[in-house]
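With my numbering applied, the sequence shown covers 1 to 82.
Simulated from the structure, these hints should not be mistaken for lab results.
Do not rely on the hints blindly, as some may be mistaken.
Pair ranges (Cβ atoms, derived) [what the hints assert, rightly or not]:
(1) 51 to 82: 37 to 45 Å
(2) 45 to 1: 40 to 48 Å
(3) 14 to 52: 16 to 24 Å
(4) 51 to 2: 20 to 28 Å
(5) 40 to 79: 18 to 26 Å
(6) 61 to 19: 31 to 39 Å
(7) 47 to 9: 14 to 22 Å
(8) 81 to 54: 18 to 26 Å
Predicted model only: the values in this text are computed from it and were never measured.
Backbone N, C-alpha and C fix where the C-beta goes; we use that ideal spot for every residue, glycine too.
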Amino acid sequence: MELLGQVTELLRGALGSPWLWVVVFAVSGLDALLPFMPSETTVVTVAVLLGPDPAQLTLLAAVAAGGAWAGDCLGYAVGRSA
1 MELLGQVTEL
11 LRGALGSPWL
21 WVVVFAVSGL
31 DALLPFMPSE
41 TTVVTVAVLL
51 GPDPAQLTLL
61 AAVAAGGAWA
71 GDCLGYAVGR
81 SA
């Protein structure tokens, strides 16, 4: 149980970092090319940790959607050039 608490505190500490949004964008984008990327798990975990703040949840949805769109465009470009 102590390990779970440490992991939770580590994740809560990352919420204030702008790198969190980069990671969400990248994982959502790479999900289009690499099916084993845990994009849904990443988005749900960040949403749970953010809590009920509508502004943060809206930002999360926008970043995840932007990453998914960018990943789809990248996949299309790779497929078209092949």
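### Unmet hints by their number, sorted upward, for this structure
2, 6, 8
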